[in-house]
Amino acid sequence: MKLLKSLTAITGLALLAAASNVAAGTLDDVKKKGFVQCGVTTGLAGFSFPDEKGNWTGIDVDTCRAVAAAIFGDAKKVKFSPLTAKERFTALQSGEIDMLSRNTTWTLTRDTSLGLNFAGVNYYDGQGFMVKKELGVKSAKELDGATVCIQAGTTTELNLADYFRSNKMKYTPITFDKSDETVKGFEANRCDMLTSDQSQLYALRIQLADPGSAIVLPEVISKEPLGPVVRQGDDEWFNVVRWALYAMLNAEEMGITSKNVDNMKKSEDPGIRRFMGLEGIKGSGLKLPDEWAYNIVKHVGNYGEVFDRNVGQGSPLKIGRGLNALWSDGGIQYAPPIR
Amino acid sequence: MAVDEKESLAPAKPSLWRDPNARAIVFQVIVLAAVTLFIVFIIKNTLHNMESRGISTGFDFLGNESGFGILQSLIEYNESSTYGRTFFVGLLNTLLVSALGIFFATILGFAIGIARLSRNWLVAKLAMVYIEIFRNIPLLLQIFFWYFAVLRALPGPRQSLNVGDAVFLNNRGLYLPRPVFEDGFGLVLWVLGVAIIATMVMTRWAKRRREASGKVFHTFYASLALLIGLPLLAFLISGAPMSWDVAALKGFNFRGGLGVIPELAALLFALSIYTAAFIAEIVRAGIQGVTHGQTEAARALGLRPTPILHLIIIPQAMRIIIPPLTSQYLNLIKNSSLATAIGYPDLVAVFAGTTLNQTGQAVEVIAMTMAVYLSLSLLTSMFMNWFNARMALVER
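As given, the protein sequences belong to chains A and B, one line each in that order.
The opening position of the first sequence corresponds to residue 38 in this note's numbering, with each subsequent residue numbered one higher.
The opening position of the second sequence corresponds to residue 82 in this note's numbering, with each subsequent residue numbered one higher.
These are calculated hints, taken from the structure and not from any lab test.
Using N, Cα and C, we set each Cβ at its ideal position, and we do this for glycine too.
Warning: the hint list may mix true and false statements.
To be verified - Looking from chain A toward chain B, a few residues come up when the C-beta cut is under 7 Å (computed):
no. : residue
1   : Pro119
2   : Lys123
3   : Thr127
4   : Leu151
5   : Gly152
6   : Asp181
7   : Ala189
8   : Glu194
9   : Arg202
10  : Thr212
11  : Arg227
12  : Gln269
As the list claims (entries may be wrong) - BS3-like, lysine-lysine: derived pairs with alpha carbons at most 30 Å apart:
no. : chain 1 : residue 1 : chain 2 : residue 2
13  : A       : Lys178    : B       : Lys331
14  : A       : Lys319    : A       : Lys114
15  : B       : Lys296    : A       : Lys170
All chains, full assembly: derive it from the sequences and hints.
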């Protein structure tokens with residue numbers, strides 16, 4: 038099955054390569070077909086998760102919706118492709134999806150050898166460990182000899198190896214394709230601990246039959262800047278995705294929310310007027326409607342709202358802003374100005 | 082260019098056009114050239130486009146450090162090994178589960194297939210129920226069943242089921258004592274080799290004698306004595322040069338000993354049980370394909386049921402059984418790639434999974450993986466065809 042899927046993708050890649058030399062122009066393609074095809078996870082609470090009605094929600098999903106809102110003025114013009122960690126890059130390379138927003142870590146290798154570019158960071162994360170409470174472990178340094186459940190094809194796999202190697206500890210990795218399989222393995226006691234990005238650990242922990250039976254250790258062993266990815270060599274589309282993200286950050290900084298955005302339109306503040314597309318460069322540089330940023334906030338919300346409803350206090354995960362607070366609030370989320 | 086060749090040939094010998102053989106060759110050359118050109122074009126174009134999009138190509142990545150751990154490896158492997166080595170680790174794991182799977186599926190399949198024809202009503206019906214259940218449930222579900230159902234039932238490492246402080250069973254696997262060979266064990270191996278040769282010679286002699294005189298010599302117990310008795314004697318004489326490495330609980334898990342991981346066990350159970358159901362039907366069909374007259378004739382000669390089965394039925398049934406059996410073996414090898422669903426580190430999980438993702442070189446990795454499955458299948462096919470030719474009826 039998996040092999041078949043990869044095969045189809047690769048045949049697609051080969052055929053696509055044969056058929057067209059017109060690699061660029063994703064924005065035009067998207068405008069023509071009328072929706073954005075967005076690659077997301079197969080289900081990870083807070084990031085991309087289908088609810089019981091089949092509507093996708095999450096911070097990664099909202100990044101896609103923001104792009105759709107900027108282009109079409111309608112956040113619903115997105116189609117989602119659920120992908121495992123292993124399938125994601127091939128799907129983007131082959132043109133099966135227009136953008137990948139699937140809590141993917143930005144690394145040098147991925148940026149330079151996959152023919153892909155990271156358009157920004159929508160969540161600053163770090164890798165952590167979740168262990169069974171009954172083991173009585175207080176720190177990751179006590180984990181020598183442990184068996185670890187882990188998702189295949191992730192940077193997590195590499196960080197884990199580095200961490201144990203540098204601390205001269207041994208471990209046994211059990212690698213699963215999907216993150217819910219890692220949870221099943223953890224619950225079935227196949228492994229002593231589960232490792233993943235901290236945000237995911239909280240999401241996975243509430244999926245456990247008894248969340249109280251597991252604890253998340255305090256150590257964060259890596260930097261995991263997660264963000265949307267696009268194909269390399271298509272700068273126009275790259276700019277659209279990047280600035281859709283920046284628009285949400287700028288909106289939060291300026292205090293524009295989905296509720297007050299219509300009132301703010303009447304503001305005299307030149308910064309806000311530029312944001313609304315009433316002054317300055319407007320949408321022409323991005324080849325988008327002048328109201329692109331307004332549409333994002335109106336239909337999706339600013340970064341703070343998106344964070345809060347998906348992973349923050351307004352969600353079951355209740356993750357603090359931490360590094361993801363705006364730079365002006367002590368975090369590192371910082372967007373260049375719209376002018 | 083093939084067209085040019087055709088034109089240059091045409092005026093020289095016009096009669097060639099009327100020669101169907103020559104015409105056929107020309108057309109075949111044209112088709113072959115067209116197909117080759119098409120494939121070369123696709124490969125070149127793919128490479129060119131991948132390069133222009135900044136996707137790395139080539140096989141250089143195989144020499145880079147992998148940096149990730151693998152659950153089970155039959156060869157030396159650690160995080161600083163290369164991606165090339167992950168290929169061999171995955172390949173060997175695939176071969177291991179396939180070989181074991183084929184072995185158990187064959188034994189189980191033959192047993193059930195024969196049981197299906199038993200005159201005992203209960204045995205026959207039980208075999209039928211087995212076949213109908215296991216061949217009608219998707220294999221992936223069966224793998225999940227063995228993995229999650231069986232895993233959950235087993236205790237954790239600290240409450241392991243324990244047999245004589247040597248064998249431990251828990252949800253991390255089955256731990257057996259591992260034999261450690263010391264100096265002088267070579268003698269035992271030598272003696273074992275001699276015993277094997279002696280057994281083969283004896284079997285041949287017995288067969289020739291039976292064919293010549295009709296006298297039966299029961300080789301079973303004599304072989305057993307040769308194969309077990311002689312090496313055992315050598316082992317004792319040389320002063321028992323072997324010790325056992327027993328697994329022990331250290332920290333979270335057992336260390337040392339010979340561990341069988343539950344992923345391997347679950348995959349092996351599922352593959353053998355599933356494939357055995359198909360093999361059983363093939364065996365039943367093969368046996369029923371031997372005309373009843375053969376059995377009656379054998380009985381009329383005064384043979385008892387066991388020799389009838391061994392000497393009359395099975396040799397003839399094998400001719401019918403082997404070809405479909407081959408395709409079941411091929412299915413089993415290919416089905417072993419479902420391992421990735423439960424985290425058994427086979428070729429697809431390790432190489433076409435993690436390695437592909439870490440390097441991003443999908444085309445190269447998938448091409449290598451496909452080549453492996455193709456070669457494995459062709460090799461199995463070749464072996465089975467050879468075996469089939471040997472088993473075919475030699476008409477006298």
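Here's how the hints hold up against the structure:
Because the closest C-beta pair between proline 119 (chain A) and chain B is about 16 Å apart, greater than 7 Å, the hint is violated. Taking 7 Å as the C-beta contact cut-off toward chain B, the hint placing lysine 123 (chain A) at the interface holds, the least distance being around 5 Å. At its closest, the beta carbon of threonine 127 (chain A) sits 5 Å from a beta carbon of chain B; the interface hint therefore holds under the 7 Å criterion. Interface restraint check: leucine 151 (chain A) against chain B, minimum CB-CB distance 4 Å, threshold 7 Å, status holds.
Interface restraint check for glycine 152 (chain A): the shortest CB-CB distance to chain B comes to about 4 Å, inside 7 Å, so the restraint holds. The interface hint given for aspartate 181 (chain A) holds, since its Cβ lies 6 Å from the closest Cβ of chain B, which is under the 7 Å cut-off. For alanine 189 (chain A), the interface hint holds, since its Cβ comes within 7 Å of a Cβ in chain B; the closest pair sits about 5 Å apart. The interface hint given for glutamate 194 (chain A) is met, as the beta carbon of that residue sits about 4 Å from the closest beta carbon of chain B, less than 7 Å.
With its C-beta approaching chain B no nearer than about 6 Å, arginine 202 (chain A) sits inside the 7 Å limit, and its interface hint holds. With its C-beta approaching chain B no nearer than about 5 Å, threonine 212 (chain A) sits inside the 7 Å limit, and its interface hint holds. Interface restraint check for arginine 227 (chain A): the shortest CB-CB distance to chain B comes to about 6 Å, inside 7 Å, so the restraint holds. Satisfaction of the interface hint for glutamine 269 (chain A) is found here, the shortest Cβ-Cβ separation to chain B being roughly 5 Å, below the 7 Å cut-off.
At most 30 Å may separate the alpha-carbon atoms for a hinted pair to count; lysine 178 (chain A) and lysine 331 (chain B) meet this at roughly 16 Å. Restraint check: the Cα-Cα separation between lysine 319 (chain A) and lysine 114 (chain A) comes to about 22 Å, which is no more than 30 Å; the hinted pair holds. A C-alpha spacing of about 72 Å is found between lysine 296 (chain B) and lysine 170 (chain A), which places the hinted pair above 30 Å, so the restraint is violated.
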